[in-house]
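Participant: Each chain, letter by letter, is given below.
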Amino acid sequence: MNKVLVSPSPHIHADVSTARIMRDVVIALLPSVVVSILYYGWSSVMLLAVSVITCILVEYLITRFLMKSQCTISDWSAAVTGVLLALNLPPACPWWVAMIGAIFAIGVVKMTFGGLGQNLFNPAIAARVFLLVSFPVAMTNWARPAGFINVDATSGATLLGTVKEGLAKGDSLSQIFAANDFSYLQTLFINIGGSAGEISAIAILIGFIYLLARKVIRPHITLSIWATVIVFSGIFWLVDLLWMKDVMIYTDPLFNLLTGGLLLGSVFMATDYVTSPMSTKGGIVFGVGIGLLTMLIRYFGSYPEGVSFAILIMNSVVPLINKAFKQKKYGRA
Amino acid sequence: MTTTIIWTIVAVTLMGLLLAVVLYLVAKRFKVEEDPRIDEVEKVMPGANCGGCGFAGCRAFAQSCVEAPNLDNNFCPVGGNEVMKKVAAVLGMEVTEKAPMVAVVRCNGTCENRPKTNEYGGYQSCKVKAALYSGDTGCPFGCLGCGDCVAACQFGALSMDPVTGLPVVDEEKCTGCGACVRACPKNIIELRNKGPKGRRVFVSCVNKDKGAVARKACKAACIGCGKCEKECPFGAITVENNVAYIDFNKCRLCRKCVVVCPTGAIHDVNFPAPAQKPAPKPAPKPAAAETPAAAKSVPVTETPAEEKQVAEKPAAENNEKNKEHQI
Amino acid sequence: MKKTFSIGGVHPNDSKIAAGSKIETLPLPKTVFISMNQHLGAPAKPTVAPGDRVKTGQIIGEPGGFISAYVHSSVTGTVKSVGPYKDLAGNYAVHVEIAVEPDEWMDGIDTSATLVKEIPEDRQFIVDRIKNNGVVGLGGATFPTHVKLCPPPEKKAECLILNGAECEPYLTSDYRIMLEQSEKIVIGAAIMKKVLGVSRAVIGIEENKPEAVSKMSAAVASLQSSAKGYDGIEVMVLKKKYPQGGEKQLIDAVMHRQVKSMGLPIDVGAVVQNVGTSLAVYDAVQKNMPLITNVLTVTGTCLPAGRQKNYLFRIGVPLSFIAEYDGGIPEEAVKVVSGGPMMGKAISNMEATTLKGSSSLLYLTEEQTARKPESNCIRCGKCVEACPMGLEPYLLNKLARNNMMDDLEQNAIQDCIECGCCLYSCPANIPLLDVIRVAKGEVIRAMRARTAPKK
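Protein chains in written order, with the working numbering: chain A, 1 to 333; chain B, 1 to 327; chain C, 1 to 455.
The shape of chain A in the complex, shown without the other chains (with noise of 0.2 angstroms):
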């Protein structure tokens, strides 16, 4: 015995760490990574590049100079910034687009904020946000840079906006369908246009998968945005299907879970733990809340996508969920 060690109560700890949760969401993100380099090449690796290495030195030289505290970089939580930034960013999208994108995730939204686990809102969603509104040209090319593989798709629009576009016209939904070669195979696995990390479910859903597998994240939050989502578009499309079956409207529930960044945020960014609810009630309101949001965007708002500010509207009443939706205690009614 070299050493006396006495310490509190519990003795021992289990095997988890900040560092092995943040590894483990950068795991769960590569086959989406994988795809999107797949289907854009060079394009979506200078993106993921950019993104992620500006992230990481952005909260190194703020950690290092401004907060002159302990360096956090090694946590892994810049480099998920990062990857879901660039996952959010359309193919298209200049590098400096990207840069300034990650600077304000991580210089204005988490380290103002006082650093992991302080900031309010997602860093990524916020970014996206941020340059969707100052850079509205950039952020809406869906022209698609050539990949290593090449996929027989022409349009230039994710599928929400070409809806949207259409539904404007005055088209209804069967004809912009037919227009466009329209199947649920393909949002499976590619969708026509959209940002690097919406265009493949399958891909995203292997990591959630993986995520739950690793105990990473419970999946009441995403569940019950999918749940809403279908619940509130199934009922609209119904009463369309009853009787307005010839112009159609309102999309199906199936299409409105598959498309757009639904997956990519009920899954990566709603269960960001620093911006989600801590119960598993506030969990489940906090889940609801985005779905009716996103939903309420998608039909009646002026963008064709809504996950992100849905994400972002309830991230700023977390603080009241938790306090209204608490964990049931023992033995108290």
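Derived from the structure by calculation, the hints contain no laboratory data. C-beta: ideal position from N, C-alpha, C; glycine also. Just so you know, not all the hints are guaranteed correct.
As the list claims (entries may be wrong) - Dumping the calculated DSS-like pairs for lysine-lysine here, alpha-carbon to alpha-carbon at most 30 angstroms:
no. : chain 1 : residue 1 : chain 2 : residue 2
1   : C       : Lys30     : C       : Lys345
2   : A       : Lys68     : B       : Lys85
3   : B       : Lys127    : B       : Lys116
4   : B       : Lys216    : C       : Lys345
5   : A       : Lys329    : C       : Lys30
6   : C       : Lys55     : C       : Lys30
7   : B       : Lys173    : A       : Lys68
8   : C       : Lys30     : B       : Lys216
9   : B       : Lys85     : B       : Lys28
10  : C       : Lys239    : A       : Lys281
Claimed, not checked - Sample of chain C residues lacking proximity to chain A, with all beta carbon distances greater than 10 angstroms (derived):
no. : residue
11  : Gly83
12  : Lys155
13  : Met389
Put chains B and C on the given structure of chain A with help from the hints.
Facilitator: Just chains B and C now, kept in the frame of chain A:
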């Protein structure tokens, strides 16, 4: 276009009026009547809200001053006599002057004097550490070194010395508010008279163990030998529970005790430099380590049984405290 | 469907390495130190003085209050001193030091091995025997058993729960006594059932101890068929989840009832006793044998397989003597824990003595036990998920560090059972329980101070 503008103006004006009425009603409904003198007293307070007076903050203290029949029980240690005079002037009362106090750390268990016997691996807080066990050295009474006192001090007067592992009081900044005294779970820090020109003599040890035990744990421990008690011409020193204590109201700063102390546990501060040379304090280790062996064992065996039991009491209390945490 | 408690819990690796080691009797050292403070409540008052000769089983300390217990000499010998001696945390407590001589038992103690199945009819006789033989709860809290078995008359017990969960990793002493002393434990349960006047007694055992389950079930069946007074005793298999053996959690698992905040188990009709206590009750009532021995596990992954032991020790044997007898403290160990790794106490003074409630000497290596540096809370909610009381440790930690006493009380810090699940599961290594434990003590003191004048 014009109608829109007009409607906007009308709507906003109406809303403004409505809210003004609501605000007025709320202000009226929840108005609290207060003695205006409280504000006046608060103005002359230092405004640190340190709680050194025993109240939650300066305003609470001011309120208590206003309500009390005299100022005997209220004293602002931070502002001292000056502030109290101002308070008395505001309230038209009398105030008696008090001697300025300063926090004194009564432990000299430096890393060198008091070797570590184990390593503490929990939350760095004296409170937590004290609740867990007797500490990471052989001395169960001494400083735990996690700096609860430093955290408690609002005036930046305390700092941990990285070499000794003990807190150091900056006399210039210390206001004598007593926050550190309350924060210390081992009751090591004491408020003592600052003394003329800051000159003080005090026993820098609170170890209640018998001499041999105390000495084994810490080279600088008070062994309760009683030499100082016999030496003191003013009866200011008492040895109780194997530890000496100097009553600062009786002490005349003659420093005879400092010279006789075999372990250098009695410290004198702020005295002119030359006087310190003959004192054994600067080199306590070689000289003090051997000679006092006989001296310390004699009074220890003489310690009557009742006194021993008194000595045990604090330890038993400590146990009680621990137990409450465990329940 | 195996039963378990409904809120929170964690699943540490159970590491019951010493489970296969039969209980061995530890020899006696030259000197024993018997603490007067080995139970919850007021310390006992020593009734012997230096120079006195004491026999094995003789009373050497009498209760110092209502919640207190008798202390007996575990050896025969001469009292060398009575006075303060450091406990395992280095704090002083009154101990009686006895120089050991060959055993000479007090009169009236039945040291034979015959199993006494007949349960005494007189309840008062049983309670007196339990009290006079110094039986205390051996599940960790060492609450005097006779007090627990005599609830106030307005409160009615409905079910006796015997805690054989042993949910703490590493510990195997309860498991070994369930294997080797199964019948005595069941008789002890029947005796307590008799005192409480309840019709049902449940022995809860975690699923990771199938042999104990079958042994105990067999013991219940054989006693039910051969003697009177054993009806209504059943063995219940519980899920493996920490803290299954927590009093409140066990009641939830077995009876689906929850004790109210600051309440006692008797409020919901439950009395929980450890299997070790049950064995002590058997000895005390059927054999008039005071509680002077207990079983202790010596274990740890850094200990070779041959040195994983379960010892029957005399209370008062110094910890260092046990460690030496077992071959010394292994080189790789940095921490020695008395009790389990989740709730046990780290020992800073190996010269301290064993107590009635001592259950293990657990050696942990640096890698297993050293705390990693604290980082920012990432609000993952793992502590909230893990807390078996449904509290929010992350919040309590923040409130406690800011000294917000009222908010702490509103957020039920006083309900904390200090099981350690929060700190165990925190990925940021925040010392949640360290902070919460101390703040809880302060809040409870404040609450008591508030209610005291009203009485």
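Participant: With reference to the structure, classify each hint as holding or not holding.
Facilitator: Taking the hints in turn, this is what the structure says about them:
| no. | hint | verdict |
| --- | --- | --- |
| 1 | Lys30(C) - Lys345(C) | holds (26 angstroms) |
| 2 | Lys68(A) - Lys85(B) | violated (44 angstroms) |
| 3 | Lys127(B) - Lys116(B) | holds (19 angstroms) |
| 4 | Lys216(B) - Lys345(C) | holds (25 angstroms) |
| 5 | Lys329(A) - Lys30(C) | violated (51 angstroms) |
| 6 | Lys55(C) - Lys30(C) | holds (15 angstroms) |
| 7 | Lys173(B) - Lys68(A) | holds (26 angstroms) |
| 8 | Lys30(C) - Lys216(B) | holds (25 angstroms) |
| 9 | Lys85(B) - Lys28(B) | violated (36 angstroms) |
| 10 | Lys239(C) - Lys281(A) | holds (25 angstroms) |
| 11 | Gly83 | holds (25 angstroms) |
| 12 | Lys155 | holds (16 angstroms) |
| 13 | Met389 | violated (4 angstroms) |
The earlier numbered hints that this structure contradicts are 2, 5, 9, 13.
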